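Chains A and B, in that order, give the protein sequences.
Under our numbering, the residue at position 73 of the first sequence is numbered 73, and the numbers go up by one with no gaps.
Under our numbering, the residue at position 82 of the second sequence is numbered 82, and the numbers go up by one with no gaps.
Everything labelled a hint here was simulated from the structure, so no lab data went into it.
Everything numeric in this text was worked out from a predicted model, so none of it was measured.
Take these hints with a grain of salt, some might be off.
[Claimed, not checked] Derived DSSO-like pairs: lysine-lysine, alpha-carbon spacing no greater than 30 angstroms straight-line:
(1) A:K57 <-> A:K4
(2) A:K167 <-> B:K130
(3) A:K8 <-> B:K130
(4) A:K73 <-> B:K192
(5) B:K130 <-> B:K172
(6) A:K8 <-> A:K131
(7) A:K73 <-> B:K172
(8) A:K4 <-> A:K73
(9) A:K4 <-> B:K192
(10) A:K224 <-> A:K250
(11) A:K8 <-> B:K192
(12) A:K273 <-> B:K192
[Unchecked claim] Residues from chain A that keep clear of chain B, each with C-beta distances beyond 10 angstroms, as calculated:
(13) K4
(14) T98
(15) A142
(16) T169
(17) D179
(18) R190
(19) G226
(20) R285
(21) R305
The C-beta atom is built at its ideal place from N, Cα and C for all residues, glycine as well.
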Amino acid sequence: MNKKKHYKLVIIGSGPAGLTAGIYASRARLNPLIIEGQKPGGQLTGTTYVENWPGEKMILGPELMTNMQEHAKNAGCEFLAENVVKTDLSGRPFKIWTHRETEITADAIIIATGAIPRKLNCPGADTYWGKGITTCAVCDAAFYPDKRVVIVGGGDTAMEFVTSLSKFTDKITVIQLLDKLTASPAMQERAFKDNDVNVIYNSTITRIDGDETHITKISVKNEKTGKTEEMPVDGIFLAIGLTPNTEFVKGQLDLDSYGYIQTIDHSTRTSVKGIFAAGDVMDPRYRQAIVSAGAGCMAALDAERFLESVD
Amino acid sequence: MRSSFLIIFSIFIFSSFSFTAENSSNQTNSIEKVVILGSGPGGLTAGIFAGRAQLNPLLLEGPRVGGHLVSTTYIENYPGFQSILGYDLIESIREHALSSGCNLAPESAIYVDLSERPFTIITDTDRVIKTRSIIISTGSVPRRLGCLGEDEYWGRGVSSCVTCDGLFYRDKDVIVVGGGDSAMEYASCLAKYVRSITILQDLPSLTASAPMQARIINNPIVKNIYYTTSINQIHGNEEGVTHITVVNLITGSKEEIKTDGIFLAIGHIPDTKIFKDQLELDRFGCITVHDSVKTSVSGVFCAGDVAYPLYKQAICAAGTGCMAALAAERYLLDTKQHHYCFD
Chain A
1 MNKKKHYKLV IIGSGPAGLT AGIYASRARL NPLIIEGQKP GGQLTGTTYV ENWPGEKMIL
61 GPELMTNMQE HAKNAGCEFL AENVVKTDLS GRPFKIWTHR ETEITADAII IATGAIPRKL
121 NCPGADTYWG KGITTCAVCD AAFYPDKRVV IVGGGDTAME FVTSLSKFTD KITVIQLLDK
181 LTASPAMQER AFKDNDVNVI YNSTITRIDG DETHITKISV KNEKTGKTEE MPVDGIFLAI
241 GLTPNTEFVK GQLDLDSYGY IQTIDHSTRT SVKGIFAAGD VMDPRYRQAI VSAGAGCMAA
301 LDAERFLESV D
Chain B
1 MRSSFLIIFS IFIFSSFSFT AENSSNQTNS IEKVVILGSG PGGLTAGIFA GRAQLNPLLL
61 EGPRVGGHLV STTYIENYPG FQSILGYDLI ESIREHALSS GCNLAPESAI YVDLSERPFT
121 IITDTDRVIK TRSIIISTGS VPRRLGCLGE DEYWGRGVSS CVTCDGLFYR DKDVIVVGGG
181 DSAMEYASCL AKYVRSITIL QDLPSLTASA PMQARIINNP IVKNIYYTTS INQIHGNEEG
241 VTHITVVNLI TGSKEEIKTD GIFLAIGHIP DTKIFKDQLE LDRFGCITVH DSVKTSVSGV
301 FCAGDVAYPL YKQAICAAGT GCMAALAAER YLLDTKQHHY CFD
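Just chain B, same shape as in the assembly:
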């Protein structure tokens, strides 16, 4: 009698627990099927596909809601949209994710534990989330100059993406900041259509590979290369950037340079701090990919700039976001954690 009561009681407990787990996604004691970190094109596309696959995904928007697109102006390279404001594009992808069944939360993950399953995530609102799989799409932050006027003119003459914004500077004078391979790539790309390029490097020499340097140094469009020089202030008007003040780091002397646009090629910092020591990262802090969107921990997937730093394009992030969602769905099926696999 007593034991049968216990059995009935435990069935009751168990079934009420699994009821909670399956139906209420916002309780701390429920287990999510998939949590997506980041709300750029990678994260939101993962949300669209995971939503459509009925995984009821929870997406934590993170500290930079909408990702890089929000801080740009016109996007002319997202296929199907000839010219659209970055903000409008990400807003329509966000709407799309919502209507596909993706739950968005204005929170950021500040701690994760990937050593035990289900995985644990703690957010900046102290919410504890348990989840069977994670898609990391936290992106990267372009390294900034930190000088006066930079914030004011960001997206209005100051950019970190030539592929996105270069063509807006046809027949204009531009500055490239940096001396590595990406600075040289930026310059050789811009040299095809701008009037002049000035390169600013804070070190005594360029750090790019020799052939890349040679091509740039010999290019007639490259008007001047300043060494040991950094930008002190960016000036402009309602139209955008007009000139900059630079300072020679050795002599301290200052100079003004007229310019229409400034391209920063001083690196990106991937947002992976909370995964350090838990996931395999490369020496730059980017997630090491295994088999396209898998990480070193099974059940943890990645998409976008945080894993594919070479491309840094919205459409690439969206593509890998889709792959990560399909891979997570497959993982949940294979490990019998998909809701069709619960007994």
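Extracted from the complex, chain A is given alone in its bound form:
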């Protein structure tokens, strides 16, 4: 391709944060470009029903994202179905390169590239993603009343999942790869105090089976003994961490020790003037679509103010 184009504002990422930023920036006549990235629509496209998007009691994740994409398109956003691999944020205009070697320059950038939940790497893991396998207990715990659920992981997040899920079911199993949990003692105490939770150590899931529409059982291998057992299961909650997509700005923006972009003063401003961040890429804590959308709106308004001040 190798063409060059300049935009006032480029938004990188097309989940709820990126698309909301796009809606607001278009309405402010900034003619933004949204570079969609590897996963157009973001994490919600990999879920089934969403019950916590205010105003929509129940909507399919992909449908909600299609609505938002339409909304952003009609508001006037331009879309580019490419993936950003490199940036130069050392001076304005900022430079962006995609995997197709398209070079784009921008006066301001909103980074909304999200984070990727680490996934299992076993047969069935891809087939049943979103069909019983999830990474969000806040979103999906309520779908498993009195069901048999498995939580994979042994850190604080896994313990939070136990607490969330215990409101709905008492058939909880934790599968931990190591020989002990890594969660803080307080979190462990809270998770296990009133809940009879089965914890399996030194083990991994080696296979996920189902009936096409939903998972039904898993194979669990004890890495020490080498023994594999089958377990009937209705839901798998992965708590094995997320990786923020910030590889392309490393060394140019202030990131925390996990790679999340650090923002300033409860705004979406970053350590580089003219660069803004919204959504899971700057928020390791809440990770909710509505929070990302709110931050996307803030980023567009912050960017608009910035562009007004440098015009």
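Assemble the complex: chain A is given as a structure, and chain B must be docked to it using the hints.
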């Protein structure tokens, strides 16, 4: 014998008390886990998330049920809804909160005591509520002109939000009232698509920062700037605003100006009176945020315009409402006040 009777008796009292506390949310002697103040997008979203987290939240709707969205017409910037009436949007968020397990009460908090735990709230129906945590989402009230015709044409030509309503005035003539930074921001935003802008300032000069003023004064779309002038009356017909009568505050002379829309940039007043001296507020009366949605008192959280005055958007309020609910849930767990933590 006697002491064992006392023990049994006190266990009976205690267990019946905790039964009340856990199961009946509307009695004055029960303790709520979380009370949400305000029923705009911030409060209701907090209600959805707190309800889904099984906190059985009580939401006091407050004096402006539904918040700012109720007084607007079409909303075109709530993601996922291309164009929806403000009233319809807030109604569906309200329904959503109800079906998520949030209890709504048509009451307003008129007094709070945040110095002792559980916190105390007294409502305008004299109900005394005890609660372990509070989410404040009482919003703000746009400062109004107080002139004739303002109420009649509010939402039909008179607005306080360019981000929300500006695009409805493509190629139209509009008035911006105010002379501060937000008035200049309004004007520079509107200048991209309206036909003409007239600025009305009641002081002898603009109060906005110099660069912002320069940009506006030199903009060809800005037709006129009136100083020491205020609006006397807003006139219109079924379609909306048609013209206004302005008065020069020094000479007293009156003039009529034709216009299609009036944008007020004369400030917002955060609804935080009852928290004064109990919570850290900034000089404008907005709640000072610590760590995103925490206030200066642990167990008291905030969401929406009352804490984030820079953005004033429904979607931002909803986002912070979600954060406040999750933060309150975490607080209840950390302080072992969540129902899973009761022995």
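Now for the hints, and whether the structure bears them out:
1. A:K57 <-> A:K4: Status violated; Cα separation ~44 angstroms.
2. A:K167 <-> B:K130: Given that 30 angstroms is the threshold and the Cα spacing comes to 24 angstroms, the pair holds.
3. A:K8 <-> B:K130: violated (52 angstroms)
4. A:K73 <-> B:K192: holds (20 angstroms)
5. B:K130 <-> B:K172: At roughly 52 angstroms apart (the allowed maximum being 30 angstroms), K172 (chain B) and K130 (chain B) break the hint.
6. A:K8 <-> A:K131: violated (41 angstroms)
7. A:K73 <-> B:K172: holds (25 angstroms)
8. A:K4 <-> A:K73: holds (22 angstroms)
9. A:K4 <-> B:K192: holds (26 angstroms)
10. A:K224 <-> A:K250: violated (38 angstroms)
11. A:K8 <-> B:K192: Given pair K8 (chain A), K192 (chain B) holds - Cα atoms ~15 angstroms apart, limit 30 angstroms.
12. A:K273 <-> B:K192: It holds: about 24 angstroms lies between the C-alpha atoms, which stays within 30 angstroms.
13. K4: holds (26 angstroms)
14. T98: holds (25 angstroms)
15. A142: violated (6 angstroms)
16. T169: holds (13 angstroms)
17. D179: holds (27 angstroms)
18. R190: violated (6 angstroms)
19. G226: holds (37 angstroms)
20. R285: violated (8 angstroms)
21. R305: violated (8 angstroms)
Hint compliance for this structure: hints 1, 3, 5, 6, 10, 15, 18, 20 and 21 are not met, and every other hint is.
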